[in-house]
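Colleague: Could you build all of it, start to finish, from the sequences and the hints given here?
Order-wise, the sequence lines are chains A and B.
Here our numbering is used: the first residue of the first sequence is 1, the next is one more, and so on.
Here our numbering is used: the first residue of the second sequence is 1001, the next is one more, and so on.
Don't read these hints as lab results, they were simulated from the structure.
Cβ coordinates follow ideal geometry from the N, Cα and C atoms, glycine included.
Mixed in with the good hints there might be a few duds.
Stated by the list, open to error - Negatives, chain B to chain A, calculated, CB over 10 angstroms:
1. A1126
2. E1134
3. I1207
4. R1253
5. D1272
Stated by the list, open to error - On the chain A side, residues computed to face chain B include the following (Cβ under 8 angstroms):
6. R37
7. K38
8. H41
9. E45
10. A108
11. G109
12. V110
13. T112
14. V116
15. P118
16. L272
17. R274
Residues per chain are reported as follows:
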Amino acid sequence: MTYAAPGAPPAGWADRPLDGVRRLFSRIFTLCWVELRKIRHDRTELYTRAIQPALWLLIYGEVFTKIHAIPTPKGIPYLAYLAPGILAQSALFIAIFYGIQIIWERDAGVLTKLMVTPTPRAALITGKAFAAGVRSVIQGVVVVILAALLGVALTDNPLKLLASAGFLVLGSAFFSCLSMTIAGVALQRDRLMGIGQAITMPLFFSSSALYPTRLMPGWLQVISKINPLSYEVEGLRALLIGTSTDLWLDLGVLAAATVAGIAASSLLLPRLAR
Amino acid sequence: MSEPKAAGAAWTPLPPPSPPRVRRRSDEGRQCLERQPEASGAVLCSGLTYRFGEHVAVNDVDLEIRPGETFGLLGPNGAGKTTTIRMLTTLLKPAAGRVTVFGVDAAARPMLVRRMIGYVPQLLSADGMLTGRENVELFARLFDVPRGQRATRVTEALAAMGLIGAADRLARTYSGGMIRRLELAQALINTPSLLVLDEPTVGLDPIARTDVWEYITNLRSSADMTVLMTTHYMDEADTYCDRIALMHQGRIRAQGTPAELKEALGAEVTLDDVFRHHTGDTLEVSSGGIRDVRRARRTARRLG
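Modeller: Structure below.
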């Protein structure tokens, strides 16, 4: 390792800095790498987080399939209709935790140190957003396997499965950014936990995760239309069980929401460093 | 849980690096790069000011840190030390005045300044869910250390801090002193010209404090980097700093070598006396806010 003599040009400059786009991808890759290493060291969270989607599928899904209470498009079994919704829900619950995580990292000094590295704020946020996506995809695999074991006929087309992973990543990226944006406003962990709990369930229930939007009252349908979770669920549903939707619209809304989320949380990130 | 010290803790500098290749976005950036670092201090603060609402945390601070020296910024809680460091490390933008690091304005060119700095914050910032090696590798990646050199440089940094034996253990199993050394290894990975240590030994027991300082001193003797540190411990400042500045209520009250500051007050004077003289006996009656106290306690608690 080299060190500059006193007064010499800074040695750190010798490492060739990456330019904007390459640096962005490099940082995303690095932060996803960190996430995978953490999961590898401690898989407990993977197992404990699988409990909730399992209960939704096993109890809620099985019961509502039997009573035929919810009319599904093309008469597909309710459990099959529900599975993509639960997939999106488990990703949402992972992503919404990222705001609390970033405040914890601020309190622990980790964030401050990351912010003194040559990493643009937007790259730091994007990296974290995609790291949430990686975690969600791993969680998603568990949910998909569970759904398959319960007899849900999911697609076996690898391209559609890959596209579903893409939707999960985008959805998680958006909701983690939403959470980190709120963290930039709330600044305190206690406050954020309250806000997180207050928005998670309304986001879930106002989406099409559990029931078709046409069953909702008019006002809720409007909220559902502006809720990115609905677009994530519809995209996943079309890819995994073949319902009809405008995939490009779903993708476009999620991508635009993610970009807006990254911009908003990047702008607010310096507030956490004060 | 103490890690046996590595025999090869000495830090052997390699041949000088290739000329810097930095993207230049503006003429102003080019001027910064072309400035001779010798012409200015390692750190220059002029009229540096920062306000939290009505409260002036740093008030018109002028400071020069010379290349190659160990400079101590001392003061009671709430004196403005950490805020000054946060402006220097690009975390905060000054309300007025400017701070340059090797001639580069920290507010105007934050990315360049970050490349020159190794930073160890007051809080314990190593990630307990990663191994020691992964913690250092994370920073190697964030500082764009080329892939071909990464493993070697990570190992070298860990070896220099005597952590090779514990490199593949999760950092949460480390003792307080080992975590501080791990953070130093992280800070070294980008071959910094300026090492910034914000209360590097806060919360450590006396043995761990001595241990951490041994490593810092060893590093200094082989690397000749500029070190800026803050501390509450007067004995540390007296022993390890070439020059110090005493800060109180956002202003620099005195600066010089420890010997100069003591001589100015008379014979048989300790640095504690100098501190009390310039800060009005506030060492015991901390003037820091609840945030400072809470932060220090949190660090101490994590250190066990």
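Colleague: If a hint holds in the structure, say so; if it does not, say that too.
Modeller: Hint check:
no. : hint  : result
1   : A1126 : violated, 8 angstroms
2   : E1134 : violated, 5 angstroms
3   : I1207 : holds, 23 angstroms
4   : R1253 : holds, 25 angstroms
5   : D1272 : holds, 28 angstroms
6   : R37   : holds, 5 angstroms
7   : K38   : holds, 5 angstroms
8   : H41   : holds, 6 angstroms
9   : E45   : violated, 10 angstroms
10  : A108  : holds, 6 angstroms
11  : G109  : holds, 3 angstroms
12  : V110  : holds, 5 angstroms
13  : T112  : holds, 5 angstroms
14  : V116  : holds, 4 angstroms
15  : P118  : holds, 5 angstroms
16  : L272  : violated, 10 angstroms
17  : R274  : holds, 7 angstroms
Hint compliance for this structure: hints 1, 2, 9 and 16 are broken, all remaining hints hold.
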